[in-house]
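**Student:** Residues per chain are reported as follows:
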Amino acid sequence: MTVTEQEIARYVGQVREALADLPPAVRDDLLEDLPEHLTEVAAEADGSLHERLGPPEAYAMELRTAAGVSAPSATPNLDQRISAAVREGWARIRVADDRLGPVLGYTRLSDFLRLLRPAWWILRGYLVAMLFTVVLTGTSFGLLPRLGGSGLAALLLLAVTVTGSIWLGRRTERLGRRPRLVLNVTAALLVLFGLAGFAELDGRAGGGGNPVPYEQVYTDQYSGVQDVYVYDSQGRLLEGVRLFDQNGQPIRLGHPWCSEAQERYQTMPEYSDPTRLPYPFCPEGAPFRFGPTTPPTPEPAAPTATPGEFGPSATPGGAAPTATPSAVQGRGPAPTPTPTD
Amino acid sequence: MDTTQLLKGVLDLAVLAVLKDEDGYGYDIMRRLRSAGLDEIGDASVYGTLRRLFQAGLLTTYVVPSESGPHRKYYALNPAGRDQLLRSGKIWRSFATTMDTLLDDKGMAA
Chain A
291 MTVTEQEIAR
301 YVGQVREALA
311 DLPPAVRDDL
321 LEDLPEHLTE
331 VAAEADGSLH
341 ERLGPPEAYA
351 MELRTAAGVS
361 APSATPNLDQ
371 RISAAVREGW
381 ARIRVADDRL
391 GPVLGYTRLS
401 DFLRLLRPAW
411 WILRGYLVAM
421 LFTVVLTGTS
431 FGLLPRLGGS
441 GLAALLLLAV
451 TVTGSIWLGR
461 RTERLGRRPR
471 LVLNVTAALL
481 VLFGLAGFAE
491 LDGRAGGGGN
501 PVPYEQVYTD
511 QYSGVQDVYV
521 YDSQGRLLEG
531 VRLFDQNGQP
541 IRLGHPWCSE
551 AQERYQTMPE
561 YSDPTRLPYP
571 FCPEGAPFRF
581 GPTTPPTPEP
591 AAPTATPGEF
601 GPSATPGGAA
611 PTATPSAVQG
621 RGPAPTPTPT
631 D
Chain B
26 MDTTQLLKGV
36 LDLAVLAVLK
46 DEDGYGYDIM
56 RRLRSAGLDE
66 IGDASVYGTL
76 RRLFQAGLLT
86 TYVVPSESGP
96 HRKYYALNPA
106 GRDQLLRSGK
116 IWRSFATTMD
126 TLLDDKGMAA
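Keeping their order, the protein sequence lines are chains A and B. The first sequence begins at 291 in our numbering and counts up by one. The second sequence begins at 26 in our numbering and counts up by one.
One or more hints might be untrue.
As the list claims (entries may be wrong) - Some chain B residues judged to face chain A by a derived CB distance under 10 Å, without partners named:
1) Leu-36
2) Leu-38
3) Tyr-50
4) Thr-74
5) His-96
6) Arg-97
Simulated from the structure, these hints should not be mistaken for lab results. Ideal placement from N, C-alpha and C gives every residue a C-beta, glycine not left out.
Next comes chain A alone, as it looks inside the complex (with noise of 0.2 Å):
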């Protein structure tokens, strides 16, 4: 036999290749028995398939002629149209590596790059050490992998993991498609790992100057309030009162902190829902009194408020309400703000 069985297996392919437009189902019935069938013409007599049969494209056409299925559509299949955009973009980044290469000086740019591989094998097993101190101790992205807190450790493991990386990184050429394709895969999933624990490195050290966003600020600044004393403009304590927010939601602040306060708290059904609690809860504990503690009345009463009655819970550095004792107007009883909604 003078023809081998790769030279059939090759010619089968070209021929499956020009028939690549047919519905795969119709392309492999067409070819099912092809490989015997060739073996047999080989056998008969001497010379190639090739100057036996013609070019498989030949070969092909008939075949498609007699087998009456439709001649080659002048529109690529989905396949080809695939293939040649990868070609395409193949020779775009050769073009792209031959003109960026003299730029560093060098003849392509995959020259340089080739010369930067064992940086990368160093980075990965870097990379890779920092992966196993995050997912071992679940510290967050430091310099160092500082396996609980040990720089031993740390250099240790850097040490093993680099050194890995630098030998795999010598033998990958030798690898099989597969292990390579995983490697890649990884290297790829290493690189997005470090890209993200990089930034987050970068926002703890850069963003120092004021690292507590400002919602613990206000959380922290009202935390101590136990209640709420609200004065008018002129120094009476006004009771029954409700704070709410531009959005009509009701401010909390505080609790019903005295005995009074809890008294009423229970026994009273409208006050079982806490967000309608008036303020103050304990008017008794008022830190500034002036007259009544009782909310004023509508006809304007003898202004009564004078510095000197300050009780002694005023706090100093004159912070206390301005209360004008010469501002008489006839304002209206408390206000009692209603929301809008």
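Please build the complex by placing chain B on the supplied structure of chain A, with the hints as guidance.
**Tutor:** For chain B alone, kept in the frame of chain A given last:
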């Protein structure tokens, strides 16, 4: 006139005819056609025709192991194929007679 062109129209009939008395595998069928005088018949044409006739339900196949080389797929006429052979054969005979008469009238005896 090119024989290949004429062949295209009657290849089905020729393949059915050589399978009438004896089943055969692809290359064997082509050999029979060639030894019958159809030298210019193409390998791909025979192979493709066999696939198409099989798809059309005119042939059945069975595999026979071979001591030397690959297993061989044998093609055989089924009742539909025999029926087709009979009808196509009649058409061909009538057509050939018409052509013979036509050529004889013009004094162009073969």
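**Student:** Indicate, hint by hint, whether the structure satisfies it.
**Tutor:** Hint check results:
1. Evaluation of the B/Leu-36 hint against chain A yields a held restraint, the C-beta minimum of about 7 Å falling below 10 Å.
2. The interface hint given for B/Leu-38 is broken, as the beta carbon of that residue sits about 13 Å from the closest beta carbon of chain A, more than 10 Å.
3. Hint on B/Tyr-50 holds. Least Cβ distance to chain A is approximately 7 Å, under the 10 Å limit.
4. Evaluation of the B/Thr-74 hint against chain A yields a held restraint, the C-beta minimum of about 5 Å falling below 10 Å.
5. Interface restraint check: B/His-96 against chain A, minimum CB-CB distance 7 Å, threshold 10 Å, status holds.
6. Of the supplied interface hints, the one on B/Arg-97 holds, with its beta-carbon coming within about 7 Å of a beta-carbon of chain A, less than 10 Å.
The structure is inconsistent with hint 2 alone, although it conforms to all the rest.
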